[in-house]
Each structure stands twice: as structure tokens, then as C-alpha cells.
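There are 2 protein chains.
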Amino acid sequence: MSPHLIGLDWGTTSCRAYLIGADGAVLTRIGDGPGILKVENGTFGATLDAMVGGWPAHLPIILSGMIGSRQGWAEALYARCPAGADDIVTALATIDHARRTISLVPGLSTQNDAMPDVMRGEETQILGALALSGRGDGLFLLPGTHSKWAEVSAGRITSFRTFMTGEIFGALKDHTILGRLMRDGAANAEAFARGVGEGVALDSAGALLNRMFATRTYGLMDRLPDTALSDYLSGLLVGAEVAEATKGARATVTIVASPALASRYTEALRLLGHDSALAPEDCVAAGHWRIARAAGLC
Amino acid sequence: MSPHLIGLDWGTTSCRAYLIGADGAVLTRIGDGPGILKVENGTFGATLDAMVGGWPAHLPIILSGMIGSRQGWAEALYARCPAGADDIVTALATIDHARRTISLVPGLSTQNDAMPDVMRGEETQILGALALSGRGDGLFLLPGTHSKWAEVSAGRITSFRTFMTGEIFGALKDHTILGRLMRDGAANAEAFARGVGEGVALDSAGALLNRMFATRTYGLMDRLPDTALSDYLSGLLVGAEVAEATKGARATVTIVASPALASRYTEALRLLGHDSALAPEDCVAAGHWRIARAAGLC
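Taken in order, these protein sequences are the chains called A and B. Each residue of the first sequence is one higher than the one before, starting from 72 at the first, in my numbering. Each residue of the second sequence is one higher than the one before, starting from 72 at the first, in my numbering.
Fair warning: there could be bad hints in the mix.
Which copy is meant is left open, because identical chains are indistinguishable; a pair holds if it fits in one copy or across any two.
Claimed, not checked - Calculated cross-link-like contacts (lysine to any residue; reagent style SDA-like; alpha-carbon spacing at most 20 Å):
#	residue 1	residue 2
1	Lys318	Ala365
2	Lys318	Asp274
3	Lys109	Phe240
4	Lys244	Ile101
5	Lys318	Val110
6	Lys244	Asp293
7	Lys244	Gly256
8	Lys109	Arg251
9	Lys109	Ile248
10	Lys244	Ser230
11	Lys318	Thr229
12	Lys109	Asp274
13	Lys318	Ala272
14	Lys244	Thr216
15	Lys109	Gly92
16	Lys109	Thr84
17	Lys244	Thr298
18	Lys244	Thr288
19	Lys109	Ser329
No lab work stands behind these hints, which were simulated from the structure alone.
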């Protein structure tokens, strides 16, 4: 198969480069490039060359993720929801580098109850997952430091919400009293399930500020072993998130993540009676392909 | 007035010592003693002597706060709610030091929806505030790193809940992306009120994990100045806490804290239509007096 496109999913902490064939097939993959925070003095061009310089020089290049943010190579402003590939294409930014024109995928913005929300990179993953599944609708979950839940209808991302769950968990564990009693141990599915159940049952935001403290008192009062406290807290937060994000939802949730990253969400969704399916790995390359095609780049 | 008692409110980060007259009147006060974390190698006795060695050697000494925890001088186990001075007295611990018997006030424990909760030191402050007000009922708020909300009926603390609001705010500001856009500035009452309003309106625990992110997007989208973001986040958390803690409550909330520490809660309570009153400073000494009297120490 001959290559048609080079696509990079270039985020804050990591970068993946794909040599892409017809229909978005991944021909070669470089998985260990540096995230934008690791690129010193704005030397993005040299970093790009070091990664993909061995691939055919005539191919179009498209970049998605935080590389298009104010902290990245150049700013690609946000396209507004609802947005599909055709809408995203109208907001593509370009950079001239080494006699090539490189395209930058814009982020998406939306608004929920007067609260603006933004994503960068996830839109390309979602479009790729849609292309590979042949579907045009659904609820998509992209877990991570900040997880994104996106609704898709007729091939367009209609709205989405960010949940800070992963980062909050880390801050609570590493920088509050809740981490003090925790001890590392084998994953404790029972403690996680208990957290999920309690997180789902909380009926106000303030109740969470109270219930988090159970991570300490369950330890103090020997209700949970110290090796289970981290899983309990994780379950509490993930359960609260999943309950809120799936309100009224009945369709299968498509999770776009590595199996390891997806597993806690898969389990929490199962506990709450929701089906989930894992999108193929590297579906972001199918997103690059879809956007590049819509833009007439390949 | 002649002294009858020496009382110490000895917490994790600070210690206050009181020379106490009849009816709990404060005759002298030392406000800058070291918290238990600053006492090296368990030299609590020497630290006590350095603080109160100049006061009459025949007076009984009573200590409340984290000094009675596992990390303190000696462990005074928890009394269970409902508990008033008479119940607390039955769980007093004692230490022999320099030919004196020193009493340690136990903490209190309670249970809400299968979640254990604990306090240490606040029970003495509440009993003192009750004694000084001449009342036996009410809803008490003790703000701080962890705030405690306690219900009192017929002179006994019937139940209480801990909210981690203060510590969570610090962890979010100093250890997550939310602090990145914040810039110090004059207090912004409008941004605080906006946060309170949004925090109150959140109808699930998960909604908080989403709405916190508005601290970032309001900044990114220029909806709030960077100097207002900290007040917005503070309002969001305090609003969520106050809404949950005052569910169904109509009585005046008594706040036991310095005016500076109390001010955000006073304002949030006002915004939510609740009256509040500030307990007298140093009311903890009246609590020491009340417990010491009930124990027959003075």
C-alpha cells in the first residue's frame, strides 16, 4: 500500500506520528515523540523533521492536538460545535516549513449552561473512530487527565463536556491528607466498586467535598485496608463522573483510549448498567485522513 | 480575678494557651505556640513547660485538639455522638508530667450514611460557644482546612460532617491546571458570588468535576479577569459546601472562627439567605472550663 498522508497527534506530554495509506490505514507508526512541553525553545520544525524526515517528502502533513494551542507551534483557533469534518476544515491553520505546507487541526469549543468548554485533539480521534465504525451517532468518552464526553449526531460532534477527574485524583492523592494513609497494593476491585456506588449516590456537589473524607475515615476506622483506599477514591470520583455524564443516555458508550486507560471506565459503566465498546487503537490516523480528505489535501 | 485552670487548644499547626478564671473567663492568652507537627522528637512536655511554666503550678491543665491524636502526646480515643460535656468527661485521657496530671479531651466520632466522621478540638470550641451564648441548640460551622458542620441539641453535639473544601481549594490552585491562569489581585466579590451561585446550582457530585474546569475556560475565553479566577473557584466550592450543609436548616448558623476566616462563609450564607453569627474569639477556653468543671478538675 502506498502512503498518502502523514498525520501527527501531538499533545502536551506525547506525540505520535503516522504514515497513512488510503482510507486512513496506518502503514507505519512512531509512538514515542516528545510532547509540546518537551520541545525546547519552540523548535517544533526540527522536532518534526527528526520524527518524520525519513518518510516521503512530497506527502501532505496534518497535525492535531495541543500543537495547535497558544503553547504550541502556531495557534489554530476553535471551530464551534456542532462540528464535523467539513466544519473543522474551514478552520484549519497552516504553517510553512521547509518548503512544505503543514495543516493544523483546530480545537472545538462548545457551551453548556453558560460554561464554555474546549477540546484539542479529541475531535480528530472521534472523527477517526466514527470513520472506522461506519457510524455517525453516539456517546464518546475520551479518558485522561481531563476526560471528555462527546455527543455525536449525523457525523457531527454536537456537544461535549470536560471532567477533571484524573487530575483531581492525582492532586488529592499527592497533595492532600487523603494520600497519607494510602499504601500501594494490588488493584482492589471491591473497593473501586464501593467508591463507584457511593459516588453515584451523592446528590449534590457539596456532598462530594464531604464524602472524599471517607477515604481517610475508612482508613482510620479500619473499614478498608490501606492498600484499598486509592481504589476507593478513584471509584468515588469516576462513579460521580460517569453518573453525571451518562444521565439519560442509553446507547453504548464508545471509549477512545488504550485498554489500560479505559479499564476503570469500562468497569464503572458496567456497574451502572451501561454497555461500552473500545474504539480501535490509532483511530486518530483515520481522523487525520478524514479531515485531510475533506480539505482536499490528499 | 484569680486563675482556676490552664487550657490549651493544641492543633496540628498552632497552639494557644489560656490562663482561665471562673466561668471560663480568659485572664491571659499565649497565641503563638507550636503545633504538634513542629514539636520535635515528641518533646511535648518541655514545649508545654516553655509555654505555661510561668503560670501557677497548682492549676489543673486540660488539652484539646490533635495533641490527643495518635500523632500527638498521647491518644485520647473518641467519644461518640451524641455527646455533651458529661459524655466527653467519661473519655478524658490523662498524662502524668512533672508531678502534675494533665487531662486530654477526646475527639468525637459520628457516622452518616455508613461514613464515619471525626473531629478533635472543635468539640471543645462548640461547647465553649454554647456556654458563652447560654444556648443549647443550633447549627455550628467551624471553617478551616477541613470545615466541620455540627448540629447541637439540648447541649449535646448530635452529629457533624467534615467538608474538605479548604484543602481541596489549595490542592486545585497549587497543583492542577486551574492555578495556571490565576493571578493575585484584590478580592473580587462578584466573582466569588458567581461561583457560589454556580456551586449551589450543581445537582450532582459529578457536575462539580465538570464545573471546576470553568475556572480555566472562563479565563481562556475572557469571561473573567485572571485576578478573579481564584475567587470564582473559592465561591464554587464554598457555595457547594454551604448548600449541602444547610439543607433543610433554617436557624442562624454560628460560625466559630476568626473574622478573617469566617468572612467567605458569612458571605456565602448571606447569598443563600441564611443568617449567621460569629462566636466570641477564644470561646475554646470556655469549653475547657466547661469540660474541666464537669470532670471535677476545678
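Hints and how they fare:
Taking the shortest Cα distances, lysine 318 and alanine 365 never come within 20 Å of each other, neither inside one copy (33 Å) nor across copies (53 Å). Taking CA atoms no more than 20 Å apart as the test, lysine 318 paired with aspartate 274 passes in both settings, with 13 Å inside one copy and 12 Å between copies. Taking identical chains as interchangeable, the C-alpha atoms of lysine 109 and phenylalanine 240 are never at most 20 Å apart, the minima being 24 Å within one chain and 29 Å between chains. For the homomeric pair lysine 244 and isoleucine 101, neither the shortest alpha-carbon distance inside one copy (33 Å) nor that between copies (35 Å) is at most 20 Å.
When the C-alpha separation of lysine 318 and valine 110 is checked against a cutoff of 20 Å, the pair qualifies neither within a copy, at 40 Å, nor between copies, at 51 Å. Taking CA atoms no more than 20 Å apart as the test, lysine 244 paired with aspartate 293 passes inside one copy only; the shortest distance there is 19 Å, against 31 Å between copies. In this homomeric assembly, lysine 244 and glycine 256 come within 20 Å of each other (Cα to Cα) only inside a single copy, at 15 Å, whereas the closest approach across copies is 29 Å. Taking the closest pair of Cα atoms, lysine 109 and arginine 251 come within 20 Å of each other only across two copies (18 Å); inside a single copy the shortest separation is 31 Å, beyond that limit.
For the identical chains of this complex, lysine 109 and isoleucine 248 are inter-copy neighbours only, at 17 Å across copies versus 31 Å inside a copy, given an alpha-carbon limit of 20 Å. For the homomeric pair lysine 244 and serine 230, neither the shortest alpha-carbon distance inside one copy (31 Å) nor that between copies (28 Å) is at most 20 Å. Within a single copy, lysine 318 and threonine 229 get their C-alpha atoms as close as 16 Å, which meets the 20 Å cut-off; across copies the closest is 36 Å, which misses it. Taking the shortest Cα distances, lysine 109 and aspartate 274 never come within 20 Å of each other, neither inside one copy (41 Å) nor across copies (40 Å).
In this assembly of identical chains, the alpha carbons of lysine 318 and alanine 272 lie at most 20 Å apart whether taken from the same copy (13 Å) or from different copies (17 Å). For a Cα distance limit of 20 Å, the shortest separation of lysine 244 from threonine 216 qualifies both inside one copy, at 14 Å, and across copies, at 16 Å. In this assembly of identical chains, the alpha carbons of lysine 109 and glycine 92 never lie at most 20 Å apart, being 29 Å within a copy and 64 Å across copies at closest. For the identical chains of this complex, lysine 109 and threonine 84 are intra-copy neighbours only, at 7 Å inside a copy versus 39 Å across copies, given an alpha-carbon limit of 20 Å.
Proximity of lysine 244 to threonine 298 under the C-alpha cut-off of 20 Å is restricted to the intra-copy arrangement: shortest distance 13 Å within a copy versus 28 Å between copies. Taking the shortest Cα distances, lysine 244 and threonine 288 sit within 20 Å of each other inside one copy (15 Å), while across copies they are farther apart (25 Å). Taking the shortest alpha-carbon separations for lysine 109 and serine 329, neither the intra-copy value of 22 Å nor the inter-copy value of 46 Å comes in at or below 20 Å.
The structure fails to meet hints 1, 3, 4, 5, 10, 12, 15, 19 from the earlier list, while all remaining hints are met.
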